[in-house]
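Trainee: Please take these sequences and the hints and turn them into a complete structure.
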Amino acid sequence: MSKKNPEYDFKWCPGCGDFGVRRALELAMINRLEETGKPMENNVVVAGIGCSGNLVHLLEGNQPYGFHGIHGRTLPVAMGVKMARPELNVVVVAGDGDFLSIGGEHIGPQAARNLNICAVVMDNGVYGLTKGQSSPTTQLGTVTSSTPYGKIEAEADPLELYLTLGASFIASGFSGQPRELARLIGQGMDHEGFAMVHVQSPCTTYNDTFELMKGNARKGIDPLLYEVPEDHDASDRGAAFEMIHRRGVPMGVIYKDETRPSLEQRMVEVRGKAPRRSVDELMDSFAF
Amino acid sequence: MQMRDFVVRFAGEGGQGVVTSAEGLAQASTQVGYHALTYATFPSQILGGPTWTQARISVDPILSAGDDVDVLVAFNREAYDTHREDVRDGGLIIYNSNDFELEGDDRSYGLAIDELARSTGNNRAANMVIMGALAHLVSMPQTYLEEFVEARFRRGRANDDEIIDSNNLALKLGRDETAQSGFVLGDLTPPEMPEYPQVMLKGNEAVSLGALAAGLEFYVGYPISPATTILVFMERNLVGEDKFAYQVSSEIESITAILGAGYAGKKAMTATAGPGFSLMSEGLGLGWMAEIPLVVVDVQRGGPATGLPTKTEQSDLLACMYPAHGDVRLPVIAVGTVEECFFGAVKALNWAERYQGPVILMTEMALAERVQNIHRPDLSKVQPEGRLVYDGNNGYNRYQGNELSPMPLPGSPGAYVANGSEHDEMGDTTHLPSRHIQMTERRFSKLKLLEENDYEADNSDEPVMVMPWGGSKGPALEAYNQLREQGVPVGWYYTMNLNPLPPALLAELKQKELVIVPELNYQGQFSGILRSQGVNAVSITQYTGLPFKVRDLVAQITEMNNSHRKEMVRA
Numbered sequence: 001m002s003k004k005n006p007e008y009d010f011k012w013c014p015g016c017g018d019f020g021v022r023r024a025l026e027l028a029m030i031n032r033l034e035e036t037g038k039p040m041e042n043n044v045v046v047a048g049i050g051c052s053g054n055l056v057h058l059l060e061g062n063q064p065y066g067f068h069g070i071h072g073r074t075l076p077v078a079m080g081v082k083m084a085r086p087e088l089n090v091v092v093v094a095g096d097g098d099f100l101s102i103g104g105e106h107i108g109p110q111a112a113r114n115l116n117i118c119a120v121v122m123d124n125g126v127y128g129l130t131k132g133q134s135s136p137t138t139q140l141g142t143v144t145s146s147t148p149y150g151k152i153e154a155e156a157d158p159l160e161l162y163l164t165l166g167a168s169f170i171a172s173g174f175s176g177q178p179r180e181l182a183r184l185i186g187q188g189m190d191h192e193g194f195a196m197v198h199v200q201s202p203c204t205t206y207n208d209t210f211e212l213m214k215g216n217a218r219k220g221i222d223p224l225l226y227e228v229p230e231d232h233d234a235s236d237r238g239a240a241f242e243m244i245h246r247r248g249v250p251m252g253v254i255y256k257d258e259t260r261p262s263l264e265q266r267m268v269e270v271r272g273k274a275p276r277r278s279v280d281e282l283m284d285s286f287a288f
Numbered sequence: 001m002q003m004r005d006f007v008v009r010f011a012g013e014g015g016q017g018v019v020t021s022a023e024g025l026a027q028a029s030t031q032v033g034y035h036a037l038t039y040a041t042f043p044s045q046i047l048g049g050p051t052w053t054q055a056r057i058s059v060d061p062i063l064s065a066g067d068d069v070d071v072l073v074a075f076n077r078e079a080y081d082t083h084r085e086d087v088r089d090g091g092l093i094i095y096n097s098n099d100f101e102l103e104g105d106d107r108s109y110g111l112a113i114d115e116l117a118r119s120t121g122n123n124r125a126a127n128m129v130i131m132g133a134l135a136h137l138v139s140m141p142q143t144y145l146e147e148f149v150e151a152r153f154r155r156g157r158a159n160d161d162e163i164i165d166s167n168n169l170a171l172k173l174g175r176d177e178t179a180q181s182g183f184v185l186g187d188l189t190p191p192e193m194p195e196y197p198q199v200m201l202k203g204n205e206a207v208s209l210g211a212l213a214a215g216l217e218f219y220v221g222y223p224i225s226p227a228t229t230i231l232v233f234m235e236r237n238l239v240g241e242d243k244f245a246y247q248v249s250s251e252i253e254s255i256t257a258i259l260g261a262g263y264a265g266k267k268a269m270t271a272t273a274g275p276g277f278s279l280m281s282e283g284l285g286l287g288w289m290a291e292i293p294l295v296v297v298d299v300q301r302g303g304p305a306t307g308l309p310t311k312t313e314q315s316d317l318l319a320c321m322y323p324a325h326g327d328v329r330l331p332v333i334a335v336g337t338v339e340e341c342f343f344g345a346v347k348a349l350n351w352a353e354r355y356q357g358p359v360i361l362m363t364e365m366a367l368a369e370r371v372q373n374i375h376r377p378d379l380s381k382v383q384p385e386g387r388l389v390y391d392g393n394n395g396y397n398r399y400q401g402n403e404l405s406p407m408p409l410p411g412s413p414g415a416y417v418a419n420g421s422e423h424d425e426m427g428d429t430t431h432l433p434s435r436h437i438q439m440t441e442r443r444f445s446k447l448k449l450l451e452e453n454d455y456e457a458d459n460s461d462e463p464v465m466v467m468p469w470g471g472s473k474g475p476a477l478e479a480y481n482q483l484r485e486q487g488v489p490v491g492w493y494y495t496m497n498l499n500p501l502p503p504a505l506l507a508e509l510k511q512k513e514l515v516i517v518p519e520l521n522y523q524g525q526f527s528g529i530l531r532s533q534g535v536n537a538v539s540i541t542q543y544t545g546l547p548f549k550v551r552d553l554v555a556q557i558t559e560m561n562n563s564h565r566k567e568m569v570r571a
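Line by line, the protein sequences are chains V and E.
For the first sequence, the residue numbers in the working numbering are 1 to 288.
For the second sequence, the residue numbers in the working numbering are 1 to 571.
Be careful, since some hints might not be right.
To be clear about the criterion: a stretch of chain E counts as covered by chain V if any three or more of its residues have a C-beta under 8 Å from a C-beta of chain V, and this derived list gives those stretches [claimed, not checked]:
#1 25 to 36
#2 200 to 206
#3 213 to 226
#4 229 to 240
#5 263 to 274
#6 369 to 381
#7 417 to 423
Treat the hints as calculated values from the structure; they're not laboratory data.
If you're wondering where the values come from, they're calculated on a predicted model, not measured in any experiment.
Idealized CB from N, CA, C, for every residue including glycine.
Mentor: Written as structure tokens, this is what we have:
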């Protein structure tokens with residue numbers, strides 16, 4: 001929303017990681033506008049349900065198109081938009097609950113299709129909007145309102161999941177560094193295929209991981225975050241796999257396969273094989 | 001004996017040629033000017049399993065698959081045992097003597113179907129052996145069938161002549177064997193070729209063609225009986241620069257992908273059956289809420305859950321009209337004939353664009369798989385509608401006002417958020433009571449744009465009316481015609497527009513003493529909806545997984561009309 005809207009009463013908590021992700025997305029879309037000359041309206045932001053999905057209403061300045069649908073279904077909606085209008089730049093924004101739990105079934109098919117969109121997942125390891133239940137990325141043993149005696153389900157490893165399912169671009173980032181994150185989102189948008197940008201975006205109310213991420217020397221906490229080394233070969237699936245299994249949260253592009261055609265490119269290919277017949281000609285084939 | 005029509009039932013094991021025989025007979029007959037209609041029921045397996053298909057061939061246009069079987073073709077013993085009771089008095093049974101032998105049945109004769117086919121050098125000519133036999137039974141000239149063989153197998157191949165000769169030989173062998181058996185059924189009246197152009201279509205093909213004619217651009221679907229053939233049709237035929245047809249990974253993907261496409265400006269559709277429709281519930285509510293044009297075709301099958309995947313029923317009406325939680329009532333079009341499958345699809349796409357929201361097109365298994373000759377739809381009469389699109393420059397909000405408003409499309413000015421949460425004019429989430437009131441009323445007000453006085457009425461001065469919906473139209477109309485001939489004073493109403501009902505029809509219905517609604521479900525779903533709108537409607541229900549028999553409808557309507565009259569006299 002470009003101007004203040006008194007009717008819209010949703011607010012992120014002070015210090016929420018999603019503020020940084022919003023800024024990063026705004027920067028990435030502005031950069032794209034400057035680079036391509038295409039209007040802001042050429043961007044479509046498909047949002048999930050949860051704290052993070054409200055990002056689509058909270059974007060400031062020049063407004064892209066938005067779609068704020070139902071819980072867990074950002075990817076197939078994005079597929080509909082993209083395959084209907086391939087010239088549009090389609091970005092998904094969703095949280096770990098929306099994307100990995102209820103929406104988990106949609107990741108594999110879109111990765112296999114190599115749908116040409118960029119999905120930005122804000123991972124805070126908790127269901128914030130419903131007030132603190134455990135999510136797929138909540139650590140095993142964590143006490144939350146829905147796991148009063150500790151979570152008894154192993155935590156998901158989203159980066160490994162994306163790699164296994166065949167995403168052709170995987171980046172990992174942190175909400176506390178919006179400029180760096182904007183670059184990752186920009187690269188994800190530019191990638192011709194299914195781009196995942198997984199962002200640590202801490203929830204200051206229910207699962208504040210800022211200190212764990214950035215570390216605290218006084219308390220003897222080593223930071224989880226580290227830069228992806230310059231010599232990392234993102235085209236090497238094995239190297240990506242190793243990095244995902246190292247301790248800590250990498251920041252940068254972990255994996256990138258530029259050899260696979262996207263769904264729309266494949267569609268153009270197979271269309272070439274299909275005979276085109278008008279409705280009248282089709283009707284002829286049933287005439288006698 | 002002169003016959004104006006005859007009914008053949010082919011019964012056997014899946015894969016024995018039960019369906020192809022019926023469809024072949026229908027094609028051969030229509031080619032010389034007869035009318036034909038088939039009814040198919042399938043086992044839920046790829047090969048094998050008991051199955052049967054019925055073909056009705058007539059000099060006159062056909063309304064139902066026929067109550068009584070004139071000839072049963074039994075491919076195996078089980079088929080003979082199961083279906084012989086349905087053969088009318090004076091009817092005949094041809095059984096496959098390569099499969100089993102019978103003694104002491106004076107209305108049956110054995111035909112060595114496989115052996116005769118093999119003797120022509122063409123194992124695939126078994127259907128033709130049967131057709132030759134049937135032709136003899138009803139005195140159909142051999143030339144009719146030879147014309148069909150010529151049309152079907154003359155494809156410019158080197159061995160065309162060979163194939164045609166073997167098929168003609170098969171026809172002759174079937175005919176000669178039958179002549180030797182001494183059985184005859186009668187003389188089928190020679191046909192008159194209709195003067196209008198015709199096509200031979202299945203219901204699902206007609207739906208697909210109608211959607212294409214109305215300008216469909218985007219189709220996704222997930223395989224499910226009996227809707228799969230629409231997906232298959234679209235994958236082959238919805239091609240071109242700005243077109244997209246694709247098999248997705250679930251019905252949840254289907255509905256949400258067409259929501260995305262509809263939002264992006266495309267005419268988008270999917271087709272499914274009950275179980276898939278249930279999965280689309282939340283997405284349909286989103287389409288209503290965010291005001292996105294799209295069409296969902298529900299090809300009904302039987303029962304809740306997995307139910308009866310390959311049988312017919314009309315039990316999804318309540319689900320289609322109220323598919324989602326919250327205050328939602330979707331427009332519903334239900335089609336009753338193969339021809340209506342075409343025009344219903346056109347209407348569904350037009351409605352979706354006109355009122356900017358989801359439209360449900362209801363068909364059913366018996367229609368989807370029915371093969372019928374119909375008047376070739378006149379494409380020049382199809383008028384595709386487009387949505388009202390915002391083409392201004394600034395300052396406009398998508399959900400402005402209390403009724404339909406122009407829709408901005410991504411890529412152009414007018415950026416907004418299509419929102420499934422209650423929202424204000426620009427699409428931002430809100431909880432204000434005044435806004436929820438305004439937006440709820442806005443959404444319902446748009447249904448008025450779909451009020452069309454498009455319905456059939458006959459003898460509408462009668463106090464008691466028959467009003468079927470969907471695929472029960474055929475048997476009900478045949479029953480109605482018989483009732484009128486018998487002097488039973490009932491009238492006829494029918495419409496495809498189940499929601500919103502044509503306003504003039506609703507006004508008439510409210511004046512009637514009794515409205516009888518034949519429908520294939522347990523609860524009497526449509527009569528319930530009519531009663532809620534102030535109509536004294538009562539259902540004739542049936543929940544067997546099979547279509548109505550005309551005879552049953554005649555009896556029940558007569559009885560309901562009589563007891564209604566007695567009540568009126570007492571009152």
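Trainee: Give a verdict on every hint.
Mentor: Do the hints match the structure? See the list:
no., hint, verdict
1, 25 to 36, "holds (count 3)"
2, 200 to 206, "holds (count 3)"
3, 213 to 226, "holds (count 4)"
4, 229 to 240, "holds (count 4)"
5, 263 to 274, "holds (count 5)"
6, 369 to 381, "holds (count 4)"
7, 417 to 423, "holds (count 5)"
No hint from the list above goes unmet by this structure.
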